[in-house]
Every structure is written in C-alpha cells, then in structure tokens.
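One line per chain: the protein sequences are A and B, in this order. Count along the first sequence starting at 1, add 834, and that's the number in our numbering. Count along the second sequence starting at 1, add 834, and that's the number in our numbering.
These are calculated hints, taken from the structure and not from any lab test. Be a bit skeptical, because a hint or two may be false.
For identical chains, the list gives no copy identity; a pair is met inside one copy or between any two copies.
To be verified - Listed below are the simulated SDA-like cross-link pairs for lysine to any residue, each with C-alpha atoms no more than 20 Å apart in a straight line:
{"#": "1", "residue 1": "Lys958", "residue 2": "Asp906"}
{"#": "2", "residue 1": "Lys844", "residue 2": "Gln915"}
{"#": "3", "residue 1": "Lys958", "residue 2": "Ile946"}
{"#": "4", "residue 1": "Lys958", "residue 2": "Gly972"}
{"#": "5", "residue 1": "Lys958", "residue 2": "His927"}
{"#": "6", "residue 1": "Lys969", "residue 2": "Gln950"}
{"#": "7", "residue 1": "Lys969", "residue 2": "Val949"}
{"#": "8", "residue 1": "Lys855", "residue 2": "Leu913"}
{"#": "9", "residue 1": "Lys844", "residue 2": "Leu890"}
{"#": "10", "residue 1": "Lys970", "residue 2": "Gln959"}
{"#": "11", "residue 1": "Lys896", "residue 2": "Asp906"}
2 protein chains.
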Amino acid sequence: MEKVVADTLKRSQLSVTDSRKRILEFFHHSDGALAHGDIEKLSGDQFDRVTIYRTLQTFVEKGIIHSIPTADNSIRYALCQQECEAGHHHDNHVHFVCDSCGNTFCLNHVTIPPVQLPEGFTSKQTDVVVSGICKKCGINP
Amino acid sequence: MEKVVADTLKRSQLSVTDSRKRILEFFHHSDGALAHGDIEKLSGDQFDRVTIYRTLQTFVEKGIIHSIPTADNSIRYALCQQECEAGHHHDNHVHFVCDSCGNTFCLNHVTIPPVQLPEGFTSKQTDVVVSGICKKCGINP
DNA sequence: AATTTTTTGCAACGTTGTTGCAAAAGATTA
DNA sequence: TAATCTTTTGCAACAACGTTGCAAAAAATT
Ligand SMILES: [Mn+2]
Ligand SMILES: [Mn+2]
Ligand SMILES: [Zn+2]
Ligand SMILES: [Zn+2]
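With the hints as extra help, turn the sequences into a complete structure.
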C-alpha cells in the first residue's frame, strides 16, 4: 500500500511527502467519497487544514481524485479510475448520495444518460447525482 | 406585478412585507436563477443579509422557489411552477448552467432521464445539471 | 553533503451561512 | 382607527469553509 501510494505520486510528478501519502491512503481505505472535513477528522492534528486544502487541489489537478457535486453544497472527492490525466478528467459516471448513512459513492459502471436539450443550447458536461438508500443501508436499515 | 407578488405571499400564508415583495420581484424579473449574492447586489443595502437568507429559506419551504444544485457548489434558486406546494416540491426538470454568461436556467420541459442503478440501491431523487453554452450566448458569443 | 526546488505551517483575512434577542412592522380585533 | 397580538427584521456574535503571503522545513537534485 505504502508502495502503491508513493508510485501514484511519482507518476504524477509530485514530491512524495508525508501528508500526500496519508491523504491518498485515506482515499484508498474509504469506500465512499471524502470531504475536506472528513480528512481533517481522520488525520487528527497530523497536518494543517491548509495543507489538506492544497493537497486536494493538487490531486484534482493531477487527475488522481475528482470532485463530486452534491445537492447539500459540500464538496466531496473520490479516486479517479485509470483513464484520468492531469488537467483532463473523464469520470462520466453517476454519483449516489445515501440519505441514510450520508455516504457518497461513485457508480463507476452507470454512465451518464443522454439529455435532449432545447434548440440553441450546447452541452459540454452533464452531472447526475441520485439520492436514496445505498446497498448497505438497504440491508441493515 | 406588485399585486401578483402580494397574492403569491398571501396564498402561502406569509405576511406581506417589503423584503419579501422585493425579493420575489427579483425572481419574476430575472430569466435565470439567482444566488443569495445576486440578491444582495440587486438590493443594495435595502435589507440585511440575514433577512435574505431567511426569506429564501421560507420561500423554499412554501414551495415558491426551489434550489438548484450546481457543480461549483453555490446554491441558486428559481421560481417553481404551479405544481409545487409547501414542503413538497416536484420540479423534476433538468438544469442548465452556461459556462459563458454564468446563468443558470430551469429547462422546465426537459424531464429527468431514468437511471438504472446497481442491485440494492434505491433512488429517491435524481438531479441533473448540464453545463455548456446557453441559447443567448450561442447567438451572441 | 551542499544546493536548489517544492511543500508545509502559521497568521491573517474573506466569504458564506446560522442563531438569539430586542425593536419594528404586519395582521387581527374591537 | 386604535389597541393588541403575532410575525418579521436588524444587529451582533459566532462558526465553518476556503484563500493567500511568507518564512521555515522537507524533498529532490547535483
Ligand atoms: Mn466519481
Ligand atoms: Mn428549476
Ligand atoms: Zn447508506
Ligand atoms: Zn449564457
């Protein structure tokens, strides 16, 4: 794990630092998406708030994580799949927010459905966020 | 107009106050959605920031306006169509954010497409936000 | 090991949104 | 219309979130 994480950082031409390794590990160990606040809690006072913000920004720029729009106005992040490169994301999958446990998941295999826009509108990107009850909460409510 | 706005407030069992009338008028005069900040600018220092927040909350609760999730994490609001009631919205249409002018529009006639979720997930609500170039900006870029 | 480059922590600041409470405005009643 | 009751507003204070500049520390390069 230690190794995988360091390799990811090197592949993105990033210095391998303690904070970056730890934060990237949090994503690997989490099954859902993480918000800045989650990481702050997970890391105790290992590193500064600002470092977390900057690390998240850097990871997004490098195509390591992507941000997920949610209805409640909190930015969440999740690991990208292989295909993403620096400055050029293509995570075109649906996201799911569970009303019960609050977790946010990437539905990596559910692709964005086509939307028929009115005359004159041009689409560049479509975000789909479904909310409801996730698999785990459906079993153990 | 003055009249229409006052009637809407009365129909929702709200006191007809100056701020509520003005803010509701802003929505009627705008073709796109409005964020808290937009209203703050439009109103100068006619009323307090807090009043705007509370008015928006109240309008959402009463089914007068609905909030629109956007990718950039800013809450925007737009007038509801007839069908919405207090505590029970049903604006199931697609929203569009223009990358050029920054405006957000309700595409009232574009309904939310069905999404096939993985086994075990239950959907309660689906939000679709398309970004790109709007009709006006397509003509006058 | 020395030097250069990058990252971090700290302090300070701005924006957004919330809450409690007294004063003001609106609704109701007589 | 005036008196009373009810709701809304403005103010102050606060919290969460996010950004920036700069010196110190850590990582990479030589
Ligand atoms: Mn995702
Ligand atoms: Mn709408
Ligand atoms: Zn769940
Ligand atoms: Zn436009």
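Indicate which option fits the pair Lys958, Gly972 if close means a Cα-Cα distance not exceeding 20 Å: within, between, both or neither. between (35 Å within a copy, 13 Å between copies)
Tell me, please, which holds for Lys969 and Val949 at an alpha-carbon limit of 20 Å: within, between, both or neither? Result: close only across copies, 16 Å inter versus 27 Å intra.
For the identical chains here, do Lys970 and Gln959 meet the 20 Å Cα criterion within one copy, between copies, both, or neither? Between copies only: 18 Å across, 30 Å inside.
Between copies, within a copy, both or neither: which fits Lys958 and His927 at Cα up to 20 Å? both (15 Å within a copy, 18 Å between copies)
Evaluate Lys958 and Ile946 at a C-alpha cut-off of 20 Å and name the case that applies: within, between, both or neither. both (13 Å within a copy, 17 Å between copies)
Are the CA atoms of Lys844 and Leu890 at most 20 Å apart within a copy, between copies, both, or neither? For Lys844 and Leu890, only the intra-copy Cα distance (16 Å) is at most 20 Å; the inter-copy one is 47 Å.
Can you tell me if Lys958 and Asp906 fall within 20 Å by alpha carbon in one copy, between copies, both or neither? For Lys958 and Asp906, only the inter-copy Cα distance (15 Å) is at most 20 Å; the intra-copy one is 23 Å.
Pop the pair Lys969 and Gln950 into one bin, within, between, both or neither, using alpha-carbon distances up to 20 Å. Between copies only: 14 Å across, 30 Å inside.
At most 20 Å between CA atoms: does that hold for Lys855 and Leu913 within a copy, between copies, both, or neither? within (14 Å within a copy, 46 Å between copies)
Identical-chain pair category, Lys844 with Gln915, by Cα at 20 Å: within (17 Å within a copy, 52 Å between copies)
First find the shortest C-alpha distance between Lys896 and Asp906 inside one copy, then the shortest across copies, and answer within, between, both or neither for a cut-off of 20 Å. Result: close only across copies, 19 Å inter versus 26 Å intra.
The structure is consistent with each of the numbered hints, conforming to all of them.
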